[in-house]
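> Under our numbering, think of the first position of the sequence shown as 75, with each following residue one higher.
Keep in mind that the hints are not guaranteed to be accurate.
[Stated by the list, open to error] Have a look at the derived ranges for each label pair, beta carbon to beta carbon:
1. Lys211 to Leu286: 21 to 29 Å
2. Lys248 to Gly135: 18 to 26 Å
3. Asn124 to Lys248: 33 to 41 Å
4. Tyr83 to Glu132: 22 to 30 Å
5. Leu286 to Lys210: 13 to 21 Å
6. Val102 to Asp231: 20 to 28 Å
[Stated by the list, open to error] Within a straight-line C-alpha distance of at most 20 Å, the following computed DMTMM-like cross-link-like pairs (lysine to aspartate or glutamate) qualify:
7. Lys273 to Glu300
8. Lys138 to Asp280
9. Lys298 to Asp308
10. Lys245 to Glu290
11. Lys138 to Glu305
12. Lys143 to Asp280
13. Lys237 to Asp308
14. Lys298 to Asp288
15. Lys237 to Glu293
16. Lys298 to Glu132
17. Lys248 to Asp288
18. Lys121 to Glu132
19. Lys266 to Glu174
20. Lys113 to Glu132
21. Lys298 to Glu233
22. Lys298 to Asp137
23. Lys203 to Asp288
24. Lys273 to Glu305
25. Lys245 to Asp280
Note that these hints are calculated values from the structure, not bench results.
Where a beta carbon is used, it is the ideal one built from N, C-alpha and C, also for glycine.
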Amino acid sequence: MLTRSLLYYLLFSINLLIFSVVFLPLFVLPQSIGLKVLKVWAITSQKILNIFCKINYEVRGYDKIPHGKVLIASKHQSTWETINFLHITDIPPIMILKKELLFIPFFGLYALKFGNIAINRKIGLSSIKYMVKKAKKSLTNGRHILIFPEGTRREIDAEPNYKRGILALYKNLKIPCVPVALNSGLYWPRNKINKSPGKIIVEFLDPIPPGLSDNEFMEVLSQKIEIRSRELIDV
75 MLTRSLLYYL LFSINLLIFS VVFLPLFVLP QSIGLKVLKV WAITSQKILN IFCKINYEVR
135 GYDKIPHGKV LIASKHQSTW ETINFLHITD IPPIMILKKE LLFIPFFGLY ALKFGNIAIN
195 RKIGLSSIKY MVKKAKKSLT NGRHILIFPE GTRREIDAEP NYKRGILALY KNLKIPCVPV
255 ALNSGLYWPR NKINKSPGKI IVEFLDPIPP GLSDNEFMEV LSQKIEIRSR ELIDV
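All chains, please: the whole structure from these sequences, using the hints.
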């Protein structure tokens, strides 16, 4: 699978370059048009992954997302979900990203253009305040907010490490939080080139209503995500 994985990266890079250059006019067009193009790019990237690495996917529980604005809190095991959340929701969500991703050629420019929120995790409380402020403002455009509560990709057998950023968003936005479990790390492991064929399952779980205490929310969120993600991995 190493050769196929390398071919995937080559075609993925070419695909990204083509979309980035051809659609440069998107910077002066309405964001709604750009978001549609962004979905097409994510879909074509997944097709390339399926062709060369035999990795497909299944989305479960999408109907559990309530109407209106929601905070999506997803397990993060792989680069896969960073790309594919752009098309598995009706409208690409506003992602909370680490600032380092802005230095990726083309990707960084488009990440900012489409309203994603980049944070510097090294500055702690100031970063959280900035994130909350931007997220509140972003909710006015009708898109969901997506955050990876652990802040970075984790190995499938790593101990959970949920950060306080998700709690700050939950308390201040006062909207339902939809946990998401997945098993992407089985097939596209963190920091590894080689990939394994299989089906990635992304499962939206029952929403958590606003208003829970800090400890209760963090416990409910982590248990929902961790228990179901482990079940998806062990199937």
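> For Leu286 and Lys210, compare the CB-CB distance with the range 13 to 21 Å and indicate the outcome.
19 Å, holds
> For a C-alpha distance cap of 20 Å, please report whether Lys237 and Asp308 respect it.
25 Å, violated
> Quickly compare the C-alpha distance for Lys138 and Glu305 to 20 Å and report which way the hint goes.
19 Å, holds
> Going straight from one Cα to the other, do Lys298 and Asp308 come out at no more than 20 Å?
Distance ~16 Å between Lys298 and Asp308 Cα, so the pair holds.
> Next pair to validate is Lys298 with Asp137; report whether the Cα-Cα distance is within 20 Å.
17 Å, holds
> Hinted pair, alpha-carbon criterion (20 Å max): Lys298, Asp288. Please report holds or violated.
With Cα atoms ~16 Å apart, Lys298 and Asp288 stay inside 20 Å; holds.
> Does Lys245 pair with Glu290 here, judged by a C-alpha cut-off of 20 Å?
Between Lys245 and Glu290 the Cα gap is close to 12 Å, so the pair holds against 20 Å.
> Given the hinted pair Lys237 and Glu293, is their Cα-Cα distance within 20 Å?
12 Å, holds
> Take the C-alpha atoms of Lys273 and Glu305, compute the straight-line distance between them, and say whether it is at most 20 Å.
This hinted pair holds, its Cα atoms lying about 14 Å apart.
> Holds or violated: Lys298 and Glu233, Cα atoms, limit 20 Å.
15 Å, holds
> Could one say that the CB atoms of Lys248 and Gly135 fall in the range 18 to 26 Å?
Taking Cβ atoms as reference, Lys248 and Gly135 lie about 23 Å apart, which means the hint holds.
> Assess, step by step, whether the Cα of Lys245 is no farther than 20 Å from the Cα of Asp280, and give holds or violated.
This hinted pair holds, its Cα atoms lying about 18 Å apart.
Of the numbered hints stated above, those contradicted by the structure are hints 6, 13, listed in ascending order.
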